[in-house]
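Participant: Spelled out from the first residue to the last, the chains are:
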Amino acid sequence: MNGVHDMGGMDGFGKVEPEPNEPMFHADWESRVLAMVRAMGAAGAFNIDTSRFYRETLPPDVYLSSSYYEKWFLGLEEMLIEKGYLTREEVAAGHAMQPGKALKHGKFDLSNVERVMVRGKFARPAPAPAKFSIGDRVRAKNIHPATHTRLPRYVRGHVGVVELNHGCHVFPDTAAMERGENPQWLYTVVFEGRDLWGEDGDPTLKVSIDAFEPYLEPV
Amino acid sequence: MSEHHHDHDHDHDHSELSETELRVRALETILTEKGYVEPAALDAIIQAYETKIGPHNGARVIAKAWTDPAFRKALLEDGSKAIGTLGHVSRVGDHLVVVENTPQRHNMVVCTLCSCYPWEMLGLPPVWYKAAPYRSRAVKDPRGVLADFGISLSKDIEIRVWDSTAETRFLVLPMRPEGTEGWSEEQLAELVTRDSMIGTGFPRRPGAPS
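Line by line, the protein sequences are chains A and B.
FYI, in the working numbering the residues of the first sequence are 1 to 219.
FYI, in the working numbering the residues of the second sequence are 1 to 210.
Hints are computed from structural coordinates only; laboratory data are not their basis.
A virtual CB, placed ideally from N, CA and C, is assigned to each residue, including glycine.
Treat the hints with care, as some may be off.
Stated by the list, open to error - If the Cβ cut is set under 10 Å, some of the chain B residues that face chain A in the computed set are:
id, residue
1, 31
2, 48
3, 124
4, 134
5, 140
6, 144
7, 200
8, 207
9, 208
Stated by the list, open to error - In the DSSO-like style, the derived pairs of lysine-lysine whose C-alpha atoms are separated by at most 30 Å in a straight line are:
id, chain 1, residue 1, chain 2, residue 2
10, A, 121, B, 52
11, A, 141, B, 130
12, A, 101, A, 83
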């Protein structure tokens, strides 16, 4: 979706402001939100792409005015309601009012913690040969899916070069919508800065994205 | 809460809580009551994030690459596999790509769409990495972003920005600082900063305050 989360190349957000000696969390509740998202994901309530999509679909003004963990919290709450794990009445009451729905991987207890600290595996067997080879010139398609995609707007329509082939991975566009993993070849595609930003762009800049094969067309 | 109406401490506590904090607490209560999560398991996740991950993991990898040419080569060929051979580093995902800074090229990592970050190597990302100014400008004006960090690069150096748009994760291998000949891995690791592995900083120089 063409949402405000797709920020690459936008102007007006000001300077980057690093915080010296930044703590891992700025309040205890942030750590609880992180833990709840990781736990409910590991328990099978949602996949990582779905959780990203719920954050992206927050209203633009909410997205831009909320802190990072506020967005995580708002996305989590809405996703759990829509997936039937809790109700708006329960949220309003602050307590459970009916029994829980079965979780794919069961209750998240202490025995599951180790699993959360290992990054998920996204490589899958290839359903078909790769269409592109390293060195190929490819165009990022001019597509505007209304649902989740990992093709940022700033590269759409531009020509780049395939630099790396990462094998076949879970395709976020379908996984986010719970329409299956639909594995696709994944490539690093590199673009010249001036092709993206015009003649005023930094001539020394090259930008790459990791692009799934359905995002690309041959040139 | 009505049963606590006369409990001044309790009321005071709650008046200090933000709306977000109250909502987060309520959600955890619901998830616990419905049997989805064990609060102790949430505590354990947080503890693991606080103690097991952090830039010290990445720093050890970089320091080894600076001292061991065979490891450096393996690391650049397959980051996940090479790091997997180091038993002491926390388990890394399958899709870590290590990119090398050279006198001709400087690498910088961003996630314009959200906050993708090699947390096994660097810990949880800082707020600036997840915030709009960095995400919007890194791919268009990386030299301007570097200026915000107080650093500048010569005009003839290529800047390569890696936008983490999939589950691949990128770690920058910075250049080894001069004046560190003969240093041990442990000494070198002390010079490797988090930002130098994102590409928004350089390693500390020998003798500089840590």
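Participant: For each hint, tell me whether it holds in the structure or not.
Facilitator: Hint check results:
1. 31: holds (6 Å)
2. 48: holds (5 Å)
3. 124: holds (6 Å)
4. 134: holds (5 Å)
5. 140: Since the shortest Cβ distance to chain A is 5 Å, the answer is holds.
6. 144: Given a least distance of 9 Å, the restraint on residue 144 of chain B holds.
7. 200: holds (8 Å)
8. 207: violated (20 Å)
9. 208: violated (15 Å)
10. A:121 to B:52: Roughly 20 Å separates the two Cα atoms, so the pair holds.
11. A:141 to B:130: This hinted pair holds, its Cα atoms lying about 27 Å apart.
12. A:101 to A:83: holds (10 Å)
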